[in-house]
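The task is to assemble the complex, starting from two chains supplied on their own in separate frames and drawing on the hints.
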Amino acid sequence: MSDGAYRERRSLSERFLPPDPRVREPYRLTPPLALRVGILGAVALALFAILFLRLWSLQVLSGDEYLNAAQNNQLRLVRLEAPRGSIVDRRGRAIVSNVPGTAVQLWVGDVPEERRAELIRKLAKVLNVPAGELGRKVEARRNDPLTPIVVKASVSEEKIHYLYERRAEFPGVRVAGAYLRSYPYGSLAAHLLGHVGEISEDELKKLRRKGYRAGDRIGKTGIEAAFDTYLRGRPGAAQIRVDSLGNQVSDSELRQEARAGYALRLTLDVKLQRAAEEALAYGIDLAHQNKHWAANGGAIVALDPRDGAVRALASSPTYRPSVFVGRSDPQKLAPLLDEEAARRANYPGLNRALAGLYPPGSTWKPVTALAGMQEHVFSAYDSLQCTPVAYYGLDRQKFVNWNPYVNRPMTLPEALAESCDTYFYEIGNRFYERGREGRERMQQWARGFGFGTPTGLDIGGEAEGLVPTPDWRWKTFESDWDKAWNPGDSIQLAIGQKDLLVTPIQMAAFYAMLANGGKLVTPHLASAVEQPRAKGSPSVVLRRFAPPPPRPTGIDPGALAAIRDGLYLATHSTTGTSSGVFANYPIPISGKTGTAEKVVPLPGYPSDHLEDQSWWCGWGPSNDARLVVCALIENGGHGSTAAAPAALRLFERFFSRDAPPAILTETD
Amino acid sequence: MIGLAERPSAVAARRPESLPLAFLRRLDWVLISATAALVVYGLWVVAGITKFDVPGDEGYYVARQAFAAGLGAVGLVLAMLVPTDVFRRYWRVVYAATLGLVLIVFLAAETIRGSRRWLDLGVIQFQPSELGKVLFVLAIAGYLVERAGRVTRWRTVLSALGLGAIPILLVFLQPDLGTALVYGAALLAALFFVGVRWRQLVTLVLAGALVVVASVWVLPSAGIQVLKPYQMDRVAGLLDPDRDPQGLTWNVTQSKTAVGAGGLTGRGVVDASQTRLDYLPEHATDFAFASLAEQRGFVGSSVLLLLYLLVVWRGLRVITVSGDLYGAVVAGALVFALLFQVVVNVGMTMGIAPVTGIPLPFVAVGGSSLVTNLVLVGVLQGIHARGLLAGRDAAP
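Protein chains in written order, with the working numbering: chain A, 1 to 668; chain B, 1001 to 1396.
Bear in mind the hints are in silico, worked out from the structure with no lab data behind them.
If a hint is listed, it holds; no wrong ones were tucked in.
Distance windows between CB atoms, simulated:
{"hint": "1", "chain 1": "B", "residue 1": "1060", "chain 2": "A", "residue 2": "331", "range": "52 to 60 Å"}
{"hint": "2", "chain 1": "B", "residue 1": "1090", "chain 2": "A", "residue 2": "71", "range": "55 to 63 Å"}
{"hint": "3", "chain 1": "A", "residue 1": "332", "chain 2": "B", "residue 2": "1060", "range": "54 to 62 Å"}
{"hint": "4", "chain 1": "A", "residue 1": "45", "chain 2": "B", "residue 2": "1209", "range": "21 to 29 Å"}
{"hint": "5", "chain 1": "A", "residue 1": "45", "chain 2": "B", "residue 2": "1162", "range": "29 to 37 Å"}
The following residues of chain B were derived to be distant from chain A, with all beta-carbon distances above 10 Å:
{"hint": "6", "residue": "1025"}
{"hint": "7", "residue": "1040"}
{"hint": "8", "residue": "1073"}
{"hint": "9", "residue": "1107"}
{"hint": "10", "residue": "1158"}
{"hint": "11", "residue": "1169"}
{"hint": "12", "residue": "1175"}
{"hint": "13", "residue": "1184"}
{"hint": "14", "residue": "1269"}
{"hint": "15", "residue": "1270"}
Every beta carbon over 10 Å from chain A, so not counted as near; a handful from chain B, in silico:
{"hint": "16", "residue": "1021"}
{"hint": "17", "residue": "1024"}
{"hint": "18", "residue": "1062"}
{"hint": "19", "residue": "1173"}
{"hint": "20", "residue": "1204"}
{"hint": "21", "residue": "1205"}
{"hint": "22", "residue": "1211"}
Since the model is a prediction, treat every value here as computed from it, not as a measurement.
Glycine included, each C-beta is placed from N, C-alpha and C at the ideal position.
Bound conformation, chain B alone (with noise of 0.2 Å):
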């Protein structure tokens, strides 16, 4: 007994700790060495599928890219510092700020490729509505668990609907289908976890489904056009793909090639044609794994995949472990956001999800989605970290 006493672990383990290292042990390492490794992999990713992009610059994407992580980075640190209690007391704050920034494109964004959703603040170009995902998760966590009690009826869960009908529409009339489902993914997510009725659930669903089937049947034929023309050629593509392999499925066939093309252990950044030749449009953002798979092959693309899971692993473990409801919503929210976000540009890329204008998490050229997704990863640290500390203070 007396010998135990003394060993100096157990010791130290009694010692009081400075907060700031009990906040730093209290991290979850395992996820940040996960993040670190999607964004390092990420790099190397992108300095082959953008190898042949600039001509006489091989590395410009990857040095804006690796830019935008370090900026990612301190995003993250700020994000993870943030006390999570803060953005609960003022989500109507957080929540004007969420329809500030899905407006501001209407008013001051130049329109690229027929789409209004970045905003060029003179050396780099920003999307407003990447970080907004984020901050629209905070926000509805936030008036959902001010709710908590009464989540269960059907006045809550429309007046959360409703809540984040706004933002969602107007990122879907910038338009941008992708991040809009995004939105609303993130919103169903949080239904979820502060504890919806399953049959309210269920209802959501189908009626949610039912606006699909309406606004891709019903409604056009009746001469009413919800999507528009490109969008739902999309989906009639997704049904059917071998029809009009040069036109309307173009993109998911060459991007089809160039995954299977790549085989067991891929081409090689010199000899993936169908990246280097231009075929696969967009390699560099929203068909940056059709570009991976055919260069690196079923191993290098699966090392990602793996590392998403990874990712998606310790995301559901910071439920868990959060030491409120709010961080478990909003914790819920932005892990089902970014699972979704990688299951739709994967599977899209592979033809089994509707082309949509999702990039890839990490790896996707595109310094706002970079950070943004590195804040998240932030928010989720400072849940489990504060968790953590809330247990220790907590355990008798």
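Extracted from the complex, chain A is given alone in its bound form (with noise of 0.2 Å):
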């Protein structure tokens, strides 16, 4: 047993003898080491004392917040998806509605962080959807586990199946049930629908307060995005108990009824939108009977000219709303989604009625005419000299009008029935000639009539197109040459050519008013917000969208009444361009051709390439007008052979009154 004795070192030798008495020292406490365990001493008892201040603060002071903390881990609140509303015609014809779809869910929250990369592998794999992109949406949730992530909207039966059998294999991975769009229609419409999908980061961002929450779905384009608020509806909520892996250990109590979203009515009429439609296809059809191969798209735009009510409003070529639906394809999407996908199929998602910019060509001559008039340029019953060519300017610029047979004194509706273009360049140099102020005076009226700036239809995505003005010109152009506002800039204005740029739903608001007696209107999709009821009973109106009220234009009646004469000798008169059409519908049509020059590259062809964009614009019955039709059909040739007989179809449809057959000739 040791002695307890602190010894010295010893050398080697001493190190296995007894000790020596002698040289006992006997070891005892130093005041030092004392003072050292009284101090750690009372560090042991401040650590406890802190201990226990802590446990008390948080078990009895914050007890009960705690309590209810943990008491809330286990209850959580699942967000139940409402129905979105329908999108209903005039009469109520549904153009989108539900069918009830099975989601999955993932809840990043329940995912152990190092199983998280593998789980997303196989949920991709099983799925089918795009691991990478999945990844993203998971990497992109880390902050906020708690909301879940649709990783696809509509799943399978059988895959359901598969993800319940191996449950254990996929944590977090939850069946919620979701709504998918329908569109009972295919594709009709598609452009002015938009479609539906899960919230943005941005749009989240700016929409958060207005009850928007991750995972929601938007209406992200069209009628969808515009209208949202009303057709989105109220989530519901339902609690369930969870353990911490996120496994459902109680039957979900419903908390909120989701609230349906309210049905849209739209001023659209289904079948004059597929008589659209229909009469784009053959408009287009007819441009290549014509040998303008490079037809493949167009629009057509009909409205009611005395509110403005958008009744069919078509885009070509089109794609079908429900590739955005659920079980997406890729492939499908890649034409609306991809730049190079979409310029080899035309630009599907294109809405060419509301973004797509065309030179007017002759269809902008009533607003030369008007304009002129207005200005004291001209008087409609002066007789102007309709010449196969003329010459303006210091270097006598040549400019040769589309039917070199023609020489003979005209007064204005002559001029606009036989769209001569002499005529209409002499206006041109008139308002060039009246020096820097003039110059600008005929696109101060254009902008009058609503040109240059969207028509404020109510979903948006307008283009402005571009009414060019010297000053325009000026701050556009690098060089002198360019920058110069030439008699030319005006001339070729007065005949729609040149700079000037316009959408096909101007055109038709402009020759609405033309139609209406002179009031500007600003075309309108959504008539009203219905409470759908049961089958059978009416819907109750919520609210009625009253359109702006249409704006005087402060034209003189007397000017407006010569276009109007022009316009329906232009579909009468013997010489009119599109009487071979119009002149023998039974119904009096009045409207304006326009076959415009625009530069479209072409494969093969040299980069300022020209092709004829077909147009044709008017309203029936000439005197009394329910309908006013804009057709153009790109890249169609003369507006007689392909737009106005496309126009016609649309007539033949709202007046179910079918025409002879038409005499096509190629006329400006």
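Below you can see the structure in the form of structure tokens.
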């Protein structure tokens, strides 16, 4: 047994010898060591005091708070998707409705960190979604793991069973009810309807305060986006008890019923819309028959000229909006999302009626004429010589008429009817000769008729167009030559060429103004928000959208009458540009053709290759206008051979009166 | 006077005792009772917190823990019987054994949860670095006491640090930051009790703080990673606990919720949802205290803390009754290591200490830890009894 004494270091030989009692120095607790023991004791006491205080503060002072947190831990609110409102036409026919589907959600918070990568990979494989995209979604939801990610909105029964049977392999994966958009009319009105998708980060930032949450489905484009507030309804909530792995351990308990979205009634007419889409196809087909092979797109707008209600609005090429729904196929989506694929498919996602920009050609001549009369540049019943060619400017630049065989004096109605270019060159030149201010007058009137700005259609997405002015030239171009506003600029503008760009809906609104006696209407699609009721009983109208009142344009009634005369002659006189199409139609139709040259890059042609854009705009009946139609066939050739017959198809459907066979002649 | 001399007790006191009896009488029975109470209380706690962990076998962990307690009791007795002086004389052997224990995991251990800490002995898993704790203290104290006359020299202090740094580094590399910290704390305490100057101790603490700052802040910004990302996250989580409550600080948030939800008297075993529904991670080991606090409340947790306080107090008393400097240093280092573990673990569950894998002494499920802590008490008992015996021999 140890003697307990402390010894100095000893040599090796001493180590195993018994201790010598004489050198024994008993060890004693030294005062410094005692002090240190005391200090450690004090430290220990202090530390325990801290632990006790903290324990007291957590358990007794704020115990209720934590108890609450612990109880909420097990309870989880699950958002119940509300069925989205349907979109119906003016007679209540559903263009977009819902079908129930099954969505697969991923609750990121329930997936252990180390299993995430593997789970994402497996889930992406089972559900056939891109793993990279899912990974990015999971990463984005890092700070909000209690909001589920919708992995796929529409999953087949078999795959649900597969996931259910292997639920141990798929922690945090849950199945939820979902509503999918369905389109009973296929591609009908695709450009107007738009599509629904999961809310993006940016949208969420803006809309969070309005009750939108991550994972919500939201209208992305078109009507779905513009009227999302009404269509989306209010999501409900259910409560479930879960363990820390997110496994549900109780039945779900409804906390708040989801409120279905309201239905949106449009001004659109399904039958007329279908007719418009068929008419476009017909117009393009006609263009092909006339050897305009590059014709493969177009737009038709049909408005009620009295209030601007859109009755039909079609753009070609089109797509099926269902490609955005549920089991979306990347291949089918590519032409809508990918630049290169879109170019190859001739931009099916582009709504040409709203965002397609074209020179209007001769359909612009009423604008020139109205401005000219208002500015007293000429008078409607003055005779101006319609010559095959005209020369203007210091350099005697040559301007030709489309018809080289005409050479006689004409009044405005005659000039409109035959679409005499030289007549309007003269008006353009007269504007030019009025000097700096005069050169802008025509453009000011054009702006007053709604050109150069969006018409204000309630779903947005409109292009502005371009009404060129001397000022615009000065600001836009670099070289001195290009900066200058030359006679040619005014003269070409008079026949709707050169820099001028308009959209079909702008033209339709302008012709509606001609048709309704001089008031500019705002095109609109939404008619009312309705609460659907049981089948058979009428819906309850919650809100009716009143279109903005038509704006007077301040044009002289006499001037307007001369234009209307001219546009009636254009469809009925023997020399009228579209008489071959409309003269024999039992309902009197007034309207103007247009054949506008536009630089169109086509493979195998020089880069400044010009293609004729085929236009026809007009209304019927001539003196009591009920429908304005503006048709455009891209690269379709003459207005009379493609756009005009297409427009007639719409009138036939609208008035339910078929036309006798048309005589198609190539006119301006 | 005469009557007084014939009082039986006085006679008995003078009668020579047999050595085993004298030894037994000089054990710290308060410490033994406190330890026993801790172990029993710990078993009761484990019974509660692991009740639903193994479906169909409520007593799975309690049974294993009780077996470990039995093993630990044997260890306690053995540690008590080995003369402390043997460790002092053969501290080099003890040091080599320590190195062997922390090295063996690198050769033979399988990786569990990203760390090589456990040795699979077939029936049980053994965590050598736990037992290494006691051996480490015995070795370092031996080295220091051998140079007791020169401990105020920097040379001695630094060489002791170097000697200690090797096992600490090895444990850190397993990686087991928590246990490495316990080793470090024990080393510091050994220096403290062997009589290193205050100025040197302060310098050491400052240098240690500098190392921490460097490894957490300066070096990472220079592109050198000392700590693993998860360890960095834990430090960041301690500094700003509200940041990202679902990610990095999930453990601590759930732990605080569990502690707080316990209230004054606890939610009981069945209703303690944080534990039962597995919101509390590692609730049988690292977060055992939070689980206890949820089930038994302030009252139940306080009983445990008071038992710890009692053990620490008796441990500190052992330092003062030690018969030699070696015993005092060993006792001081062991008690401080124990205190450090309790404070860091309990503090971690309440969000006032960083999350490190330090188990709750005597309670957390884990045989190695329980056995080691009982051995630790055995060593303290040995020092206590021999100190008192020496005092009797030395008395005139």
